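Asker: The listed protein sequences correspond, in order, to chains E and W.
By this note's numbering, the letter at position 88 of the first sequence is numbered 88, and the numbering carries on one by one without gaps.
By this note's numbering, the letter at position 29 of the second sequence is numbered 29, and the numbering carries on one by one without gaps.
Everything labelled a hint here was simulated from the structure, so no lab data went into it.
Values in this document were obtained by computation on a predicted structure and should not be read as measured data.
C-beta: ideal position from N, C-alpha, C; glycine also.
Take these hints with a grain of salt, some might be off.
What the hints assert, rightly or not - Each pair of labels, with its calculated beta carbon distance range:
#1 R50(W) with K87(E): 37 to 43 Å
#2 G164(E) with R50(W): 31 to 37 Å
#3 A251(E) with K6(W): 49 to 55 Å
#4 K190(E) with S54(W): 27 to 33 Å
#5 E195(E) with R51(W): 17 to 23 Å
#6 H16(E) with N55(W): 43 to 49 Å
#7 P26(W) with L274(E): 45 to 51 Å
#8 R51(W) with K188(E): 20 to 26 Å
#9 G43(E) with R51(W): 45 to 51 Å
#10 P119(E) with R50(W): 53 to 59 Å
#11 E195(E) with S54(W): 17 to 23 Å
#12 R51(W) with R281(E): 53 to 59 Å
Stated by the list, open to error - With a straight-line cut-off of 25 Å between C-alpha atoms, the simulated DMTMM-like cross-links for lysine to aspartate or glutamate are:
#13 K244(E) with D233(E)
#14 K190(E) with D171(E)
#15 K166(E) with E2(W)
#16 K244(E) with E56(E)
#17 K188(E) with E2(W)
#18 K6(W) with D171(E)
#19 K38(E) with E243(E)
#20 K188(E) with D171(E)
#21 K15(E) with D181(E)
#22 K87(E) with D181(E)
#23 K87(E) with D34(E)
#24 K6(W) with E195(E)
To be verified - To spell it out: a stretch of chain E is covered by chain W in this simulated footprint if at least three of its residues, at any positions, have a beta carbon under 8 Å from a beta carbon of chain W; those stretches are:
#25 136-146
#26 195-209
So you can see what is in the structure, the chains are spelled out below.
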Amino acid sequence: MSWAAHELESYVMQKHTKQKVSYLAILIGCLLPDLFTKLPVYGLQIGDMTLIKVAEPWKYHRGWPGVGPTHSLLFIAVATLLFLAWKKNRAWALGLFMGGVAHVLTDCFDSVGTMLFWPFTTQHYSTGMWAYASQAGRYGDASAYYSSFGGVWDFIWLCIAIGGPKVFTRDYFFATVVPADPAWGWLKRKFGLTESVMLAVYRAYFVYGACRIFGWFIWARLLNPERGTQTLDWSWGGPDWVEKAPRTQSADTWAGFFAQTAIGAVGVAVSGWLLWRLIGRRLWARAT
Amino acid sequence: MERGEKWGYVLACVVLVFGGALLRTPILNWISGPAIVIGSVALTTWLSGRRSRSNPGDAAGSSGRTQNTESAT
Numbered sequence: 001m002s003w004a005a006h007e008l009e010s011y012v013m014q015k016h017t018k019q020k021v022s023y024l025a026i027l028i029g030c031l032l033p034d035l036f037t038k039l040p041v042y043g044l045q046i047g048d049m050t051l052i053k054v055a056e057p058w059k060y061h062r063g064w065p066g067v068g069p070t071h072s073l074l075f076i077a078v079a080t081l082l083f084l085a086w087k088k089n090r091a092w093a094l095g096l097f098m099g100g101v102a103h104v105l106t107d108c109f110d111s112v113g114t115m116l117f118w119p120f121t122t123q124h125y126s127t128g129m130w131a132y133a134s135q136a137g138r139y140g141d142a143s144a145y146y147s148s149f150g151g152v153w154d155f156i157w158l159c160i161a162i163g164g165p166k167v168f169t170r171d172y173f174f175a176t177v178v179p180a181d182p183a184w185g186w187l188k189r190k191f192g193l194t195e196s197v198m199l200a201v202y203r204a205y206f207v208y209g210a211c212r213i214f215g216w217f218i219w220a221r222l223l224n225p226e227r228g229t230q231t232l233d234w235s236w237g238g239p240d241w242v243e244k245a246p247r248t249q250s251a252d253t254w255a256g257f258f259a260q261t262a263i264g265a266v267g268v269a270v271s272g273w274l275l276w277r278l279i280g281r282r283l284w285a286r287a288t
Numbered sequence: 001m002e003r004g005e006k007w008g009y010v011l012a013c014v015v016l017v018f019g020g021a022l023l024r025t026p027i028l029n030w031i032s033g034p035a036i037v038i039g040s041v042a043l044t045t046w047l048s049g050r051r052s053r054s055n056p057g058d059a060a061g062s063s064g065r066t067q068n069t070e071s072a073t
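Isolated chain E (complex conformation) (with noise of 0.2 Å):
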């Protein structure tokens, strides 16, 4: 997983659309599939106690059984379609779709990978680039993932955000954002906030994104009792001191794999052309 990058993710694709998009629906988007499943994957810890944790997380946050399907296309494209339905927005339906997507594709860099073809095929599709860890626990997870190129990752996040500062100004928020979204108005006159204040709002994740990569950066390296052993590790895969967890590939040979995708490709894009010809068409042209 990325702890950082999904925050990053949104700015970046905010300044990069040239439709009339929502920055919060892509914000809401890119936490969504983690949004709501998380809590199992490291437990809440209560003193000593810690209560409704799952043995397998690798298993339950992107397999299936479990929770992985949250983290497929098809999923992201059905919520869409259900927002669409309810709220009746263009910009928020298309934010969320393009958070979401983003948030599925980010975390195909971690060693679990998810499941971008479900239900079509369970196959994970991952580059591998830094172990997943949250069977760690929560401090394990962190030490792991800033003791590897899972921190590295996040930081090339932040030098990408930050490659484009346009989107950080007060002339760009005023301009561009606020008036892609009636629910700035809407926060404006309900909470009487001032323009200082709803600006630190939307910079609000980007600040909050960027140092959690030093905050966490210092306790891995610097803080943590365990950084004896648990060393910095910059290659593929790593770190390799971490328990891994198990291959969660479904496919044993590269034909079995290239069948797989084929299906799941295959399946995918047919829904989502059948999504949108039977619902998604009439939904869009009934919203503003």
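Once you've looked at the hints, dock chain W against the given chain E.
Answerer: Using the frame of chain E, we list chain W on its own:
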């Protein structure tokens, strides 16, 4: 960016980076993290506004200081 706002972001960064490194999850989570940013900016802009109301000559930062010096002399 006005001065109060700028200090709000600085305060948020310090709390998130150093407070986060020490306290970890209570600060570095997706609800309290952004809330700290918004709260810091709201607090410092409010303080800055209050200060400039009580001392109108200081409203424009360094130019305010010049004005005070002039009035003192």
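Asker: Hint by hint, say whether it matches the structure.
Answerer: Cross-check of the supplied hints:
1. R50(W) with K87(E): 37 to 43 Å: holds (39 Å)
2. G164(E) with R50(W): 31 to 37 Å: For R50(W) against G164(E), whose Cβ atoms are near 35 Å apart, the range 31 to 37 Å holds.
3. A251(E) with K6(W): 49 to 55 Å: holds (54 Å)
4. K190(E) with S54(W): 27 to 33 Å: Since K190(E) and S54(W) have Cβ atoms about 30 Å apart, the given range 27 to 33 Å holds.
5. E195(E) with R51(W): 17 to 23 Å: holds (18 Å)
6. H16(E) with N55(W): 43 to 49 Å: Given range 43 to 49 Å: holds, Cβ gap about 45 Å.
7. P26(W) with L274(E): 45 to 51 Å: Holds: the Cβ-Cβ distance is about 46 Å, inside 45 to 51 Å.
8. R51(W) with K188(E): 20 to 26 Å: holds (24 Å)
9. G43(E) with R51(W): 45 to 51 Å: Holds: the Cβ-Cβ distance is about 46 Å, inside 45 to 51 Å.
10. P119(E) with R50(W): 53 to 59 Å: holds (58 Å)
11. E195(E) with S54(W): 17 to 23 Å: This hint holds: roughly 22 Å between Cβ atoms.
12. R51(W) with R281(E): 53 to 59 Å: holds (56 Å)
13. K244(E) with D233(E): Distance of about 14 Å is within 25 Å: holds.
14. K190(E) with D171(E): holds (23 Å)
15. K166(E) with E2(W): holds (18 Å)
16. K244(E) with E56(E): holds (12 Å)
17. K188(E) with E2(W): holds (20 Å)
18. K6(W) with D171(E): holds (16 Å)
19. K38(E) with E243(E): holds (20 Å)
20. K188(E) with D171(E): holds (17 Å)
21. K15(E) with D181(E): holds (15 Å)
22. K87(E) with D181(E): Given that 25 Å is the threshold and the Cα spacing comes to 12 Å, the pair holds.
23. K87(E) with D34(E): The given pair, whose Cα atoms are some 22 Å apart, holds under the 25 Å limit.
24. K6(W) with E195(E): Between K6(W) and E195(E) the Cα gap is close to 14 Å, so the pair holds against 25 Å.
25. 136-146: With 3 residues closer than 8 Å to chain W, the segment 136-146 of chain E meets the three-residue bar; holds.
26. 195-209: With 10 residues closer than 8 Å to chain W, the segment 195-209 of chain E meets the three-residue bar; holds.
Consistency note: the structure conflicts with none of the earlier hints.
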